[in-house]
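Quick note, the sequence shown lines up with residues 1 to 90 if you use our numbering.
Rather than coming from a laboratory, the hints here were simulated on the basis of the structure.
Ideal Cβ placement from N, Cα and C applies to all residues, glycine included.
Just to be clear, a hint being listed does not mean it is correct.
What the hints assert, rightly or not - Across the chosen pairs, the derived CB separations fall in these ranges:
(1) GLN48 x TYR11: 17 to 23 Å
(2) LYS88 x LEU13: 32 to 38 Å
(3) PHE73 x GLU8: 16 to 22 Å
(4) GLU30 x ALA79: 35 to 41 Å
(5) VAL33 x LEU13: 16 to 22 Å
(6) GLN89 x LEU3: 32 to 38 Å
(7) VAL6 x PHE26: 31 to 37 Å
(8) PHE26 x GLY50: 31 to 37 Å
(9) LEU3 x ARG75: 22 to 28 Å
(10) PHE73 x ARG29: 35 to 41 Å
(11) GLY24 x GLN48: 16 to 22 Å
(12) ARG38 x PRO87: 36 to 42 Å
(13) ARG47 x PHE73: 23 to 29 Å
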Amino acid sequence: MELVWVLERAYGLSRSEIAGEVDGLFSAREIVVEAAERVGRAVERYRQGGAGFSDHMIALAGHEAGFGEVFSFDRKATAQARMSVVPKQF
Numbered sequence: 001m002e003l004v005w006v007l008e009r010a011y012g013l014s015r016s017e018i019a020g021e022v023d024g025l026f027s028a029r030e031i032v033v034e035a036a037e038r039v040g041r042a043v044e045r046y047r048q049g050g051a052g053f054s055d056h057m058i059a060l061a062g063h064e065a066g067f068g069e070v071f072s073f074d075r076k077a078t079a080q081a082r083m084s085v086v087p088k089q090f
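Generate the whole structure from the sequences, applying the supplied hints.
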């Protein structure tokens with residue numbers, strides 16, 4: 001997630017460019033990507049626009065862990081990353 005943040009903020013790369021860079025990590029023999037399948041799915045969703053990469057990673061991790069719902073205060077994330085809005089009583 002840190003790599004995507006740096007490529008966005010420090011280097012100003014587009015989503016498409018960032019997705020390409022992350023995809024390139026999968027072919028590097030010297031690099032092992034933790035949770036590679038999840039990262040790959042998050043990259044595809046991120047490439048399509050909407051929520052941020054970290055939002056997709058968090059949502060996917062929660063769903064993979066068996067949580068029925070994953071909550072966020074970020075309305076954009078809830079609309080795009082298959083998350084639910086935190087109820088107002090919190």
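How the hints compare with the structure:
| no. | hint | verdict |
| --- | --- | --- |
| 1 | GLN48 x TYR11: 17 to 23 Å | 21 Å, holds |
| 2 | LYS88 x LEU13: 32 to 38 Å | 36 Å, holds |
| 3 | PHE73 x GLU8: 16 to 22 Å | 20 Å, holds |
| 4 | GLU30 x ALA79: 35 to 41 Å | 38 Å, holds |
| 5 | VAL33 x LEU13: 16 to 22 Å | 19 Å, holds |
| 6 | GLN89 x LEU3: 32 to 38 Å | 37 Å, holds |
| 7 | VAL6 x PHE26: 31 to 37 Å | 18 Å, violated |
| 8 | PHE26 x GLY50: 31 to 37 Å | 23 Å, violated |
| 9 | LEU3 x ARG75: 22 to 28 Å | 26 Å, holds |
| 10 | PHE73 x ARG29: 35 to 41 Å | 40 Å, holds |
| 11 | GLY24 x GLN48: 16 to 22 Å | 19 Å, holds |
| 12 | ARG38 x PRO87: 36 to 42 Å | 27 Å, violated |
| 13 | ARG47 x PHE73: 23 to 29 Å | 24 Å, holds |
Violated hints for the displayed structure, listed by number in ascending order: 7, 8, 12.
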